[in-house]
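**Student:** Fit chains V and D to the given chain A structure using the hints.
So the protein lines, in turn, are chains A, V and D.
Everything in the first sequence is counted per the UniProt record's numbering, starting at 1 for the first residue and increasing by one.
Everything in the second sequence is counted per the UniProt record's numbering, starting at 1 for the first residue and increasing by one.
Everything in the third sequence is counted per the UniProt record's numbering, starting at 1 for the first residue and increasing by one.
In short, the hints are calculated from the structure, not lab data.
Honestly, I wouldn't trust all of these hints.
[Stated by the list, open to error] Ranges between beta-carbon positions, derived for each pair:
(1) V:G81 / D:L224: 52 to 62 Å
(2) D:L224 / V:Y63: 55 to 65 Å
(3) D:P218 / A:P164: 52 to 62 Å
(4) A:K18 / V:K96: 26 to 36 Å
(5) A:H69 / D:S121: 50 to 60 Å
(6) A:F101 / V:Y63: 40 to 50 Å
(7) D:K313 / V:T119: 34 to 44 Å
(8) D:P225 / V:L122: 17 to 27 Å
(9) V:T119 / D:S300: 51 to 61 Å
(10) A:H69 / D:P218: 38 to 48 Å
(11) D:P194 / A:H69: 48 to 58 Å
(12) D:H85 / V:Y63: 31 to 41 Å
We put the beta carbon where it would ideally sit given N, CA and C, even for glycine.
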Amino acid sequence: MVRHYNNALPRPSTANKKLIPILPPEVKVKRGPISLNKVWYRGSSGRLIVIGQHITQLFKFERITLDYHHALEVQGYTERLITEAMRNGDRHIPTMELADFYIHEKQLVHKLFKVLVPRYIDYTDSFTKLWRLSPALSREDIITGKVRHADKGCLELKGNPLPPIEPPKYISRKSYLTNVLLDAAKKDFYASKQFSDNQTSKKKVETSAWLENFNSSLELISIYRNQISDIKHI
Amino acid sequence: MSFPGNSRLLNQISLLVNYARNFNTSQILNQARIGTFMRVVDNSALGKQAMLDGKPPKIIGIYRKPRIAELGTKVIVAIKGQKKKGVVVGLVRLQKPFVPRFDSNNMVLMDDKGNPLGTRILVPIPNLIRKETYGLNKIIAIATRFV
Amino acid sequence: MVLPRVIKLIHSYNVPLYCQLRSASRSWIYKGGKGIDKGKGFSFTYTSTPDDKRQIPLSQKLIPEELESMRLKYPEFLPSTKPEHRNKIKTVLEHNDMLQRRNNIDIPEFYVGSILAVTVSDPNAAGKISRFLGICIFREGTGLNSCFTLRNIVDREGIEIRYDLYNPTIRSIEVIKLEKRLDQDLRYLRDAEPQYSTFPLDMEPELRKEGAPVPVNPIKVKMLPLPWSIDWFKIRYQHQTYGIEKMRGVWEYYYKRSVHNRHHNEYEQFDLMKEYRSHIPEDAQLPIWNKLSDYEKSTSEIKKKARRAKMIKR
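Same shape as in the complex, but just chain A (with noise of 0.2 Å):
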C-alpha cells in the first residue's frame, strides 16, 4: 500500500472564506461525521444524495421520522441551509446552487426562500426540533420480523401547521365554560343599575345584593356542571 508522506499537505491553512454563525445549543453537531450505513452508496459523496433526499422530504412535510443519529446530522444541514438562504438572498448563484443540490424537487426551492425565510427571520433559536423516540416496533414490523435496537427521531421544523407533538405546560382556565360564565355575570352586575345605586348605600346592603346575584349565577353553574359531566371533557 502506498502513502503518501511527502505528498501529503501535513498542516491545514486557515479557511476564512466565510463567516458563519454559530449553532445554537439546541442543535447537537458532533465531533466528526456520521455515517449513515447504507449499502447501495459507496462514499462520501452519495452520503450527501442521501442527505438531500431527507431535506426535501422534511421541507414538504415539516416532519419526519428517522434514524436518531442520522437525524443529528440533518438537522444541522438544513439549520446551514436556512441560515444561508436568509443571508445571501434569491438571486445569489452558490446558494442557488446549493439549494439545486439538496432539494430535489423544484417547487420546495421556492418554498424555501418565500415560506422559511421571511417565518425565521427574527429567530434567534434553531429552526428544527429532534425529539427522540423509543425503539418499539409496529405490529407491522413485529409480524415480520423485523429487529430495532437503535432510536428512532422526530425531526420537525419549527412552527408547522401540524398538531403539536407535546401539550402545552401551562393551560390557560379562561376558556372553561364555568369562567366564561363568571366573566359575564361580573360585566352584567357592574353595569347594572343595582351597583351604581348600591355604591352610595352601606357595605351591608351592597354585599347583601351582591351576594344574590353571586348566588343565582351559582345556581346557573350547577345546572350546566350537570349537563357538561353528561359531555365529554375536552
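**Tutor:** Below, chains V and D without anything else, positioned relative to chain A:
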C-alpha cells in the same frame, strides 16, 4: 495512486495498466538515505560528465548515526563506477524554520582529506554549513552565494 | 463488610494502580482527562452554550462591516479549528505576547501571493544578517506558531524558506508587492514553469495607497510536463485550485481515475457541515476583533509617522 518523480518507470506503467492497484512499494519517506540520487552542483569534470550522461551519483554510505543524510553531512557516493566522498548541500525534504529547502538534492564532491574537486559552486548554499563544528571551510571558500 | 470501606479510602486518596483491589474500577484514574477545566470563552463543542445565547437574529450579521476585513488581515489571532486544541488561558497569553511583539516590529498585512523580503539575524551568516526575498506560498498556524513560506528561484535553483511570524530573530518584514491570488495554496509552483516564481532579489517596494483595496491577480499558471512531485489534480477537486491552466487530455483521465476511488467526494463544495467544522464562527470572532480594533486605534498614529519617516528616507 501516484508515485513521486523518482519512480518514473512505475508512473508510466500505471498509466497503461488501469487496474494495477496492488503494487507493493516501500514507504515514501521524505529522507535522503542510502540509495537516493543526488545532483552535483560544482564545476568539477567528474560531476559534469555524470550529470550529462544521465547517471547521477547515488549514496552508498553516510557518516552519521542514524543513517539519514542532512545538511552538512559527509557522504560516500558512487559516480561512474568510482567511489567518492561528498557533502550534502541541499535537500528536498521539509525543514525547520529559517532553513532553506531546495528543489533538488544537491551535493559537492571532495577528496578524503576534504579538498573539493571543483573550483566553484554555482548554486546558493545554506548558511548552516558555516558552522565551525562541520569543518567545511574549504567548501565555503568556493561558494558564490549564501542563502 | 471491610472491603467496600477500603475501596472508598482508595478512591479518595488517589492511590496508584498497584495498590488497587480486584473489585475497584479504573474509571477514577482517567477522570483527570475529562475533568480538566479548559476555561470558558471559546466553545469546546461546535454549538454554543445556553450562557452564550444569541440576542441578534440569525439572519443578521453579527460582525459590523468595519471589522469584516480583520479576519483576513490577522488570521493568526483566531484559535484552532479543532476544539480539542483550544485553551482559553493559552490564547489570552498568546494574544498579549503577539501584541507586545507588534510594538517592536511592524508586521504588515500580507496574503498568499504577495512578495515579501525578510531580514533575519543569523549567527552563522557573514555579517550576522541574511536577507531573502520571495513570493508567499503558504500560510499556516495559529497564535505564536504562525508561519509563512517564501519561494524564489536563485541561480536556477528553487528555494523555499519557512519563517515564524513572531520569532524575535526576525529584524524586519517588508512587503514589496501586495497582492492576492485565486488560491490559498501556491505549492503547485514547484511543478510550474520557472518564470512564475523568479523574482530579482533587488526588487524595490511598490508604492501603494493606504485605503485602497487589495488587487487580485487572476493568473493561470502553466505547468511543466508530467511527472510531478505531488498529484495536483486531486488537490484541485478537494481544495479547488483555480490558478492552474487546464491541460488537454490529462485532466479527464485523472478525474475519472479519482472518481472510482472510494475516498473521493466530488460534491465536496456542497458539504455544509464540513465547511462549518473547518471555520470559526462569528460569535467567537467578535471579541477578538473588538480587542484588536482598540489596539489599532491607539497605535495607528504612531505607525503612520514611522511610515512617513521611512518614505522620506528613500
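**Student:** All hints, please: hold or fail.
**Tutor:** Hints versus structure:
Evaluation of the 52 to 62 Å hint for G81 of chain V and L224 of chain D yields a failure: the beta carbon distance comes to about 32 Å. In this structure, L224 of chain D and Y63 of chain V break the distance hint of 55 to 65 Å, their C-beta atoms being roughly 35 Å apart. In this structure, P218 of chain D and P164 of chain A meet the distance hint of 52 to 62 Å, their C-beta atoms being roughly 54 Å apart. For K18 of chain A paired with K96 of chain V, a C-beta distance near 34 Å keeps the hint of 26 to 36 Å intact.
For H69 of chain A and S121 of chain D, the hinted distance range of 50 to 60 Å is satisfied, since their beta carbons lie about 56 Å from each other. At roughly 59 Å, the beta carbons of F101 of chain A and Y63 of chain V sit outside the given window of 40 to 50 Å. For K313 of chain D paired with T119 of chain V, a C-beta distance near 41 Å keeps the hint of 34 to 44 Å intact. Here the CB-CB span from P225 of chain D to L122 of chain V is close to 25 Å, well matched to the stated 17 to 27 Å.
The hint said 51 to 61 Å for the Cβ distance between T119 of chain V and S300 of chain D, and at roughly 55 Å that hint holds. At about 44 Å, the beta-carbon gap between H69 of chain A and P218 of chain D stays in the expected band of 38 to 48 Å. For the hinted restraint 48 to 58 Å between P194 of chain D and H69 of chain A, the CB-CB distance of approximately 52 Å keeps it satisfied. Here the CB-CB span from H85 of chain D to Y63 of chain V is close to 40 Å, well matched to the stated 31 to 41 Å.
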